[in-house]
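So in our numbering, the last spot in the sequence shown is 380, and the numbers never skip.
Worth flagging that the hints you see were computed from the coordinates, not collected in a lab.
Among the clues, some could well be false.
[Said to hold, decoys possible] Here are the computed distance ranges between Cβ atoms for each label pair:
1. I13 with S345: 16 to 22 Å
2. P15 with G365: 21 to 27 Å
3. D261 with R288: 19 to 25 Å
4. P191 with A17: 38 to 44 Å
5. R128 with I13: 16 to 22 Å
6. R259 with L77: 52 to 58 Å
7. L24 with W200: 43 to 49 Å
8. L77 with R235: 17 to 23 Å
All values derive from a computational prediction rather than experimental measurement.
Where a beta carbon is used, it is the ideal one built from N, C-alpha and C, also for glycine.
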Amino acid sequence: MESKIRPIALAAVFALFLWIDFRLTLFLVGVQPLGIDFLAIWGGARIALEHPDRLYDFAAVTHSQQWLLGEGSKVRPFVYPPSTALLFAPFALAGFWAAYAGFVLLTGALYFAAARRISRGIAPLALLALAPPVVLSALAGQLSFLIGGLVLLAFVFRDRPVATGVLLGIAAAIKPQLLVLFPLALALEGRWRALAAAFATGGLVCLASLATFGLGAWMDWFAALPRFARLVADDERLLVNVITPIGALVRADVEGPALMAAQAVCVLAGAALVWWTFARPSTPGQRLVALIGGGLLITPYAMSYELAVIAPAVAALAVPTSDSRWLYYLLALLLLSLMLPGLVALLGLLVCVLAPGSLGGSERPQLGEREA
9 MESKIRPIAL AAVFALFLWI DFRLTLFLVG VQPLGIDFLA IWGGARIALE HPDRLYDFAA
69 VTHSQQWLLG EGSKVRPFVY PPSTALLFAP FALAGFWAAY AGFVLLTGAL YFAAARRISR
129 GIAPLALLAL APPVVLSALA GQLSFLIGGL VLLAFVFRDR PVATGVLLGI AAAIKPQLLV
189 LFPLALALEG RWRALAAAFA TGGLVCLASL ATFGLGAWMD WFAALPRFAR LVADDERLLV
249 NVITPIGALV RADVEGPALM AAQAVCVLAG AALVWWTFAR PSTPGQRLVA LIGGGLLITP
309 YAMSYELAVI APAVAALAVP TSDSRWLYYL LALLLLSLML PGLVALLGLL VCVLAPGSLG
369 GSERPQLGER EA
């Protein structure tokens, strides 16, 4: 009986995702241009190449996007470190539409190639392609494909410590807030060569950006971080899509010592999540969920498209050959529908994928897993 229910349930999720994707696409196309988030990255990288002293000038970066968004658009700064601007410089040399198309195709290929390494058959990849956060990331031109592909491949290549470190170092140089716990993760596994390679890679990228844009760009970035936080905190439309605990508390008007105490609790929770997963046998997908999930618990603000980073693990788990926890993984898949508040979806995904019984159990290693 159970073997008959599973394919019907997965087919229902497939149909649900199609319906949500159709509605989501119609809505986004009606209210904003394609690639709107990539536009800020592309515009920031172009400014960094021409006027690095203006990279964190919110007005200048916003003005660089008005050819597409029109006059009077809301403030749209470049929020990433100078190392990200350096890595995206090749895209800045092309026109926006060519750069956007190339970015989505290249990072999407990396993302699905990494997902293929932990998936059994084509069904998980089809579900992954239709997962609403994945579609949202492609339409907006977000970095989720790039970060997800890099981190997942890093955990797949367990017998290649240097490759693991290089991939994690690049990912951390692009979006450090999501990878803040990777040193703890590698230390728990005793993977010191990978840790050294990650620090060396990240350090080289940062030094290269320092040589290219100067120390002032890094100083400007650090000085701009509080302004970024205020922009999000003051924009109710952005806060609605925030999936982090701190973002939810800010939306609930929690501030002062109470907010600081909550931040400390979130740091401990994120570290505990990574410890729970990396200190015992786990699959590459589960390590991806723990590392990124822990980062999301700690970082003040992250939006619903970040769920695309961990979606490959969820899709791979939801299409098992035989797994007694398949209902948990099916629920995790449903949480990718974006139909529930983001924080609820994030916490639900972490529980379903990493709960006791899902780690160190009888589940055989997923395709592509290699032991060190």
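For each hint, the structure was consulted:
Between I13 and S345, the C-beta spacing of about 19 Å keeps the proposed range 16 to 22 Å intact. In this structure, P15 and G365 meet the distance hint of 21 to 27 Å, their C-beta atoms being roughly 24 Å apart. Remark: the range hint 19 to 25 Å for D261 to R288 is contradicted by a beta-carbon distance near 39 Å. Separated by about 39 Å at the C-beta atoms, P191 and A17 satisfy the suggested range of 38 to 44 Å.
The hint said 16 to 22 Å for the Cβ distance between R128 and I13, and at roughly 19 Å that hint holds. The hinted window of 52 to 58 Å between R259 and L77 is violated, with their beta carbons roughly 25 Å apart. Taking the beta carbon of each, L24 and W200 are about 45 Å apart, inside 43 to 49 Å as hinted. Distance hint check: the CB atoms of L77 and R235 are about 20 Å apart, consistent with the given range 17 to 23 Å.
Hint compliance for this structure: hints 3, 6 are not met, and every other hint is.
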